[in-house]
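Quick note, the sequences are listed as chains A and B, same order.
By the working numbering, the letter at position 372 of the first sequence is numbered 372, and the numbering carries on one by one without gaps.
By the working numbering, the letter at position 109 of the second sequence is numbered 109, and the numbering carries on one by one without gaps.
Everything labelled a hint here was simulated from the structure, so no lab data went into it.
Watch out, some of these pointers could steer you wrong.
When chains are identical, the list treats them as one kind, so a pair holds in a single copy or across two.
Said to hold, decoys possible - Here are the computed lysine to any residue pairs in the SDA-like style, where the Cα-Cα straight-line distance is at most 20 Å:
{"no.": "1", "residue 1": "Lys253", "residue 2": "Glu365"}
{"no.": "2", "residue 1": "Lys94", "residue 2": "Pro76"}
{"no.": "3", "residue 1": "Lys16", "residue 2": "Tyr120"}
{"no.": "4", "residue 1": "Lys81", "residue 2": "Ile116"}
{"no.": "5", "residue 1": "Lys384", "residue 2": "Asp281"}
{"no.": "6", "residue 1": "Lys145", "residue 2": "Glu100"}
{"no.": "7", "residue 1": "Lys81", "residue 2": "Ala37"}
{"no.": "8", "residue 1": "Lys94", "residue 2": "Ser77"}
{"no.": "9", "residue 1": "Lys125", "residue 2": "Arg11"}
{"no.": "10", "residue 1": "Lys34", "residue 2": "Ile352"}
{"no.": "11", "residue 1": "Lys9", "residue 2": "Asp279"}
{"no.": "12", "residue 1": "Lys52", "residue 2": "Gly135"}
Number of protein chains: 2
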Amino acid sequence: MRQSHLFTKTRKSAPKDEVAKNAQLLIRGGFIHKEMAGVYSYLPLGVRVLSKIENIIREEMNAIGGQEVRMATLHPSENWKKTGGWDNVDVLFKIQSRTEKEYALGQSEEEIVTPIAQEYAASYKDLPFAIYQIGQKYRDELRAKSGIMRGREFGMKDMYSFHESQADFDRFYETVKQAYFRVYQRCGLDAKVTEASGGSFSEKLSYEFMVLTDAGEDDIVYCDCCTHCANVEVSKVAEGETCPKCGKSTLKKARAAEVGNVFDLGTKYPKSFGFTYKDKDGNDQTPIMGCYGIGTTRLMGTAVEVLADEKGIVWPETIAPFDVHLVAITGGNAELQAEADKLYEQFKENDIDVLYDDRDIRAGEKFADAELIGIPTRLVISEKTMQEGGVEVAERKSGSTTFVSESGIIEHLQK
Amino acid sequence: MRQSHLFTKTRKSAPKDEVAKNAQLLIRGGFIHKEMAGVYSYLPLGVRVLSKIENIIREEMNAIGGQEVRMATLHPSENWKKTGGWDNVDVLFKIQSRTEKEYALGQSEEEIVTPIAQEYAASYKDLPFAIYQIGQKYRDELRAKSGIMRGREFGMKDMYSFHESQADFDRFYETVKQAYFRVYQRCGLDAKVTEASGGSFSEKLSYEFMVLTDAGEDDIVYCDCCTHCANVEVSKVAEGETCPKCGKSTLKKARAAEVGNVFDLGTKYPKSFGFTYKDKDGNDQTPIMGCYGIGTTRLMGTAVEVLADEKGIVWPETIAPFDVHLVAITGGNAELQAEADKLYEQFKENDIDVLYDDRDIRAGEKFADAELIGIPTRLVISEKTMQEGGVEVAERKSGSTTFVSESGIIEHLQK
Numbered sequence: 001m002r003q004s005h006l007f008t009k010t011r012k013s014a015p016k017d018e019v020a021k022n023a024q025l026l027i028r029g030g031f032i033h034k035e036m037a038g039v040y041s042y043l044p045l046g047v048r049v050l051s052k053i054e055n056i057i058r059e060e061m062n063a064i065g066g067q068e069v070r071m072a073t074l075h076p077s078e079n080w081k082k083t084g085g086w087d088n089v090d091v092l093f094k095i096q097s098r099t100e101k102e103y104a105l106g107q108s109e110e111e112i113v114t115p116i117a118q119e120y121a122a123s124y125k126d127l128p129f130a131i132y133q134i135g136q137k138y139r140d141e142l143r144a145k146s147g148i149m150r151g152r153e154f155g156m157k158d159m160y161s162f163h164e165s166q167a168d169f170d171r172f173y174e175t176v177k178q179a180y181f182r183v184y185q186r187c188g189l190d191a192k193v194t195e196a197s198g199g200s201f202s203e204k205l206s207y208e209f210m211v212l213t214d215a216g217e218d219d220i221v222y223c224d225c226c227t228h229c230a231n232v233e234v235s236k237v238a239e240g241e242t243c244p245k246c247g248k249s250t251l252k253k254a255r256a257a258e259v260g261n262v263f264d265l266g267t268k269y270p271k272s273f274g275f276t277y278k279d280k281d282g283n284d285q286t287p288i289m290g291c292y293g294i295g296t297t298r299l300m301g302t303a304v305e306v307l308a309d310e311k312g313i314v315w316p317e318t319i320a321p322f323d324v325h326l327v328a329i330t331g332g333n334a335e336l337q338a339e340a341d342k343l344y345e346q347f348k349e350n351d352i353d354v355l356y357d358d359r360d361i362r363a364g365e366k367f368a369d370a371e372l373i374g375i376p377t378r379l380v381i382s383e384k385t386m387q388e389g390g391v392e393v394a395e396r397k398s399g400s401t402t403f404v405s406e407s408g409i410i411e412h413l414q415k
Numbered sequence: 001m002r003q004s005h006l007f008t009k010t011r012k013s014a015p016k017d018e019v020a021k022n023a024q025l026l027i028r029g030g031f032i033h034k035e036m037a038g039v040y041s042y043l044p045l046g047v048r049v050l051s052k053i054e055n056i057i058r059e060e061m062n063a064i065g066g067q068e069v070r071m072a073t074l075h076p077s078e079n080w081k082k083t084g085g086w087d088n089v090d091v092l093f094k095i096q097s098r099t100e101k102e103y104a105l106g107q108s109e110e111e112i113v114t115p116i117a118q119e120y121a122a123s124y125k126d127l128p129f130a131i132y133q134i135g136q137k138y139r140d141e142l143r144a145k146s147g148i149m150r151g152r153e154f155g156m157k158d159m160y161s162f163h164e165s166q167a168d169f170d171r172f173y174e175t176v177k178q179a180y181f182r183v184y185q186r187c188g189l190d191a192k193v194t195e196a197s198g199g200s201f202s203e204k205l206s207y208e209f210m211v212l213t214d215a216g217e218d219d220i221v222y223c224d225c226c227t228h229c230a231n232v233e234v235s236k237v238a239e240g241e242t243c244p245k246c247g248k249s250t251l252k253k254a255r256a257a258e259v260g261n262v263f264d265l266g267t268k269y270p271k272s273f274g275f276t277y278k279d280k281d282g283n284d285q286t287p288i289m290g291c292y293g294i295g296t297t298r299l300m301g302t303a304v305e306v307l308a309d310e311k312g313i314v315w316p317e318t319i320a321p322f323d324v325h326l327v328a329i330t331g332g333n334a335e336l337q338a339e340a341d342k343l344y345e346q347f348k349e350n351d352i353d354v355l356y357d358d359r360d361i362r363a364g365e366k367f368a369d370a371e372l373i374g375i376p377t378r379l380v381i382s383e384k385t386m387q388e389g390g391v392e393v394a395e396r397k398s399g400s401t402t403f404v405s406e407s408g409i410i411e412h413l414q415k
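Please model the entire structure based on the sequences and the hints provided.
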């Protein structure tokens with residue numbers, strides 16, 4: 001894409017009321033637009049990042065047998081009254097319609113997915129299965145100061161599974177856990193899983209997936225020598241004490257962002273809807289249900305918080321808006337401009353995902369924009385680079401540069 | 001995908017309160033689940049169809065330079081108060097939050113896109129541009145009896161363009177019109193474009209894209225010999241009168257569904273937000289704005305209404321949930337089952353998008369399901385077809401059948 005065609009521009013500063021680093025950088029880079037506290041629109045660069053995150057999650061959920069749906073977000077109040085959520089979920093947005101009906105806006109989808117599952121699961125032969133979707137959620141948060149890490153409207157992958165037994169849920173949880181770790185790893189993040197309390201969703205245990213960052217809203221204690229990790233709210237062992245799992249090290253404490261969670265919902269929701277299935281002996285049984293969330297927009301915000309440096313955003317290759325940022329510094333030299341244009345066309349022909357800075361602005365502005373936007377590989381073509389033997393290739397993360405001849409650049413990028 | 005893995009099943013009947021043919025068939029086929037009047041969830045088969053429709057639209061909008069965004073659907077009331085929509089748009093859902101703030105749910109996005117465009121378009125050099133998104137819309141409809149063709153929550157592609165002059169808008173409208181015709185044609189539908197009144201969006205002309213179907217909510221008059229087409233509400237020439245455009249034929253009247261629209265919004269929304277740009281002479285000017293909608297879920301419903309037959313849905317190849325429905329009728333013959341499994345694996349290896357009916361149910365039930373679900377090509381493998389020389393290939397639309405040897409089937413399908 002030619003940058004001159006992109007309708008967004010970078011900004012010198014974010015809105016004054018924006019205190020979160022993730023949103024400040026994303027607004028300045030032209031990835032998002034703030035509508036109000038906790039509500040953002042995603043601009044072309046932001047849509048590219050979010051779509052890549054969603055596709056990674058989609059691939060991993062499909063790989064473990066998840067079936068993709070898109071559930072309504074406008075919910076009949078009746079469903080929420082059946083589960084008690086209408087009166088008990090304080091973040092639930094409620095709507096009064098012209099037709100005197102009351103609706104809820106989806107803040108989670110147990111109230112919709114349970115009757116859907118009930119419709120199709122009459123027998124033990126129909127179990128287990130897992131249904132997921134990727135879409136918007138709405139929560140009436142009292143405070144929303146964490147940028148896209150806590151929204152009143154936000155993107156989420158939510159999956160729900162239905163099982164014959166606790167053992168089968170436990171087995172599937174292990175499968176999901178591995179898929180979740182693959183998601184975070186593919187998004188360039190190092191996640192830990194904790195055991196924590198179930199919150200309002202469940203009386204049973206829940207699992208939280210955590211990424212260390214000062215922008216998080218949780219405190220965890222964890223062990224460097226093994227996988228032990230716990231939310232300090234529920235941990236029985238404090239910072240500095242010996243790891244209760246491996247005994248080899250003492251626990252460290254850190255701030256972390258929750259980038260995923262799993263709730264063992266037991267039979268709560270199926271019971272609310274009278275959802276039973278026939279077991280092998282023809283008896284009615286209530287299925288065990290699990291819920292698995294990953295905040296897609298929060299994951300994007302976490303990647304910014306964790307990976308950015310003082311110059312701007314640093315995207316991992318897997319979720320960057322483009323793979324390559326081609327910056328032409330022509331100084332009005334028409335021949336050089338033609339060379340840059342030719343390179344851009346060659347990249348497109350070779351399916352190299354490139355943002356081409358063809359704008360007629362100062363070199364310093366182009367470099368600053370490239371650093372703010374954070375595309376992993378920057379290519380510069382200028383009179384100076386041509387004297388050095390071709391195109392300058394700079395790695396955004398390390399800052400290391402090298403020169404590659406024009407004729408060799410495509411092969412270099414495809415390595 | 002193995003049909004035994006699909007968590008949905010076909011149903012003998014739709015809910016009693018469902019009167020629309022599109023929703024009846026889609027519910028029976030397991031494409032959608034009704035949550036309440038005008039609100040449906042999309043199940044795995046439905047998500048596949050809708051995603052294909054969305055991708056066709058996305059390709060066509062990108063091809064004419066549209067830039068994809070995802071705007072917030074939870075809107076600050078301030079934006080709607082600025083345009084007057086807060087008090088004048090009767091289908092607007094309003095929400096009172098815990099924090100005493102009022103929000104609107106997006107029923108269209110002029111109130112969000114205009115300030116976004118304003119942020120980035122300061123000069124005539126920044127114009128024109130077009131921004132689009134594909135997502136959910138919410139309308140507080142008094143009646144919702146048309147299945148997925150009129151929803152309280154529904155999917156829509158909405159694009160907005162900003163121009164220096166009326167002439168530039170007119171030029172872009174012609175470009176969009178051709179893109180819209182390509183969308184409908186690729187979705188297997190034959191559309192006409194009318195000129196009609198602007199409704200609540202605009203005081204200026206609007207254009208409506210219409211597909212003939214008794215399930216529509218509009219009446220149009222049109223000419224068989226040329227492209228003349230008008231909504232009867234605004235047509236100056238009645239049914240049976242001579243075509244005012246070509247004069248060669250008399251106008252026919254028909255029921256039609258609106259599958260797209262374009263509004264020439266003039267300067268209304270930019271004026272509401274004080275959105276001006278500097279022209280070549282440094283003077284402040286207000287941009288001309290256009291709005292372009294295609295209801296994605298309505299398009300899906302229209303395809304069902306127009307193309308279905310008495311046996312069920314008939315999907316065009318471009319938007320079918322799968323390309324091929326492989327139906328194994330093994331009667332417990334393990335050897336035949338192994339042949340069918342082998343064929344399925346070969347299809348997957350060759351990227352043939354196949355639904356494999358491997359279920360242990362009666363042949364008649366499998367055939368009825370295949371006809372209801374409406375995948376374009378059905379392959380049957382049974383003892384009978386093997387005697388006939390291989391696999392029976394049946395075209396869902398025409399019902400025509402032929403036999404192809406197992407070894408030649410992949411080549412046959414890839415033609």
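Going through the hints against the structure:
no.: 1; hint: Lys253 to Glu365; in the structure: neither (41 Å within a copy, 60 Å between copies)
no.: 2; hint: Lys94 to Pro76; in the structure: both (10 Å within a copy, 16 Å between copies)
no.: 3; hint: Lys16 to Tyr120; in the structure: between (51 Å within a copy, 18 Å between copies)
no.: 4; hint: Lys81 to Ile116; in the structure: within (17 Å within a copy, 38 Å between copies)
no.: 5; hint: Lys384 to Asp281; in the structure: neither (80 Å within a copy, 37 Å between copies)
no.: 6; hint: Lys145 to Glu100; in the structure: between (34 Å within a copy, 17 Å between copies)
no.: 7; hint: Lys81 to Ala37; in the structure: between (29 Å within a copy, 18 Å between copies)
no.: 8; hint: Lys94 to Ser77; in the structure: both (8 Å within a copy, 16 Å between copies)
no.: 9; hint: Lys125 to Arg11; in the structure: between (57 Å within a copy, 17 Å between copies)
no.: 10; hint: Lys34 to Ile352; in the structure: neither (31 Å within a copy, 43 Å between copies)
no.: 11; hint: Lys9 to Asp279; in the structure: between (60 Å within a copy, 19 Å between copies)
no.: 12; hint: Lys52 to Gly135; in the structure: both (14 Å within a copy, 17 Å between copies)
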